[in-house]
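Can you make the complete structure from the sequences, with help from the hints?
2 protein chains.
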Amino acid sequence: MYERKIPVAIDCGLHLTREVLNGKWKPALLNAISMDIKRPSEMLRLFPDASRRVLNVQLKELEEHGMIEKKVYPQLPPKVEYSLTMIGWSLMPVIDAMNQWGDANRQFLETVIKQNPSVGQTSKSACLNLSQRAIQRKIG
Amino acid sequence: MYERKIPVAIDCGLHLTREVLNGKWKPALLNAISMDIKRPSEMLRLFPDASRRVLNVQLKELEEHGMIEKKVYPQLPPKVEYSLTMIGWSLMPVIDAMNQWGDANRQFLETVIKQNPSVGQTSKSACLNLSQRAIQRKIG
DNA sequence: GACACAGGGGATAAATTTATCCCCTGGTTA
DNA sequence: TAACCAGGGGATAAATTTATCCCCTGTGTC
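Line order of the protein sequences matches chains X and S.
Following the working numbering, the numbering of the first sequence begins with 88 at its first residue and continues without gaps.
Following the working numbering, the numbering of the second sequence begins with 88 at its first residue and continues without gaps.
Since the hints were made in silico from the structure, they are not lab data.
Treat each hint with caution, since some may be false.
Below, simulated EDC-like cross-link-like pairs (lysine to aspartate or glutamate); rule was C-alpha separation at most 16 Å, straight line [claimed, not checked]: (1) Lys-211(S) / Glu-197(S); (2) Lys-201(S) / Glu-90(X); (3) Lys-201(X) / Glu-90(S).
Sample of chain X residues facing chain S (criterion: CB under 7 Å; computed from the structure) [what the hints assert, rightly or not]: (4) Pro-94; (5) Asp-98; (6) Leu-101; (7) Pro-135; (8) Gln-145; (9) His-152; (10) Val-181; (11) Asn-186; (12) Val-199; (13) Ile-200; (14) Val-206.
Because the structure is a prediction, the values reported are computed rather than measured.
The beta carbon of each residue, even a glycine, is placed where N, CA and C say it ideally should be.
In structure tokens:
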């Protein structure tokens, strides 16, 4: 496993939260799990742009940080289900706020992001399915 | 300037927001500016762990993304002041939510973060000043 | 047999982000 | 003259994160 060489900043709430949410797919994974997408294979289908490997790694980090729990069913073929922990659920208002702000300002944001000369392309495949499905989040 | 080779994900609100907030000091910088810390030198003092270079770069990205505005006073020695734009202000509830969640769960988070074998050290120098000052955020 | 499913994870390469260093402007102060 | 202030930014190294590839388990289907 990779070993960090630079101290992790844990000074303020912002840095703590950043540490937990730091990963390209982490916010989206938490959101998906809260929407009852619990199996790895479902997540893979939901995020076609993410590789299996990366999702595995980020799920494991979320688990290590105590945001999600993994349940392995001793079956064949194997079956795994993730769920949010209590503290994981408490993060959802933050995720929702991020999600809503991004969606509310989509037009502006897409423009400024694409305007940036360092940005080559943008990709739009994932997540859409999720909002389109408009699945009601299970409470409790 | 660095040119991205991988398409930037802009599919859902979460990814858009991530793109804007992606940078070690960005959330903290936005928070600081909202607290009326507007000059680069003040920010440097506030975040002793951040190098001048990195703050400059991240401030410029925030500016390019339209979250902050830079005002240069034609003086000597030079004087620069940053301020939040309208859309930058609209991001504050998200920043606040992240900040509060992190602070509210500090004990737990510090534990799980340090528990992780990949984490070497943690650093706590910055930001504290800011919350201790408890500066009232200027509205408008 | 060959291939698919549902999962896990090592090794390694490539991309991206941070950190370090160093130079530059033009006053002011020791 | 040397050093500091307040700011800007190029070059390059180091660290970290993502992407790619490949192999492995055991059962079921073509």
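_Need the list of violated hint numbers for this structure, in ascending order._
7 and 8
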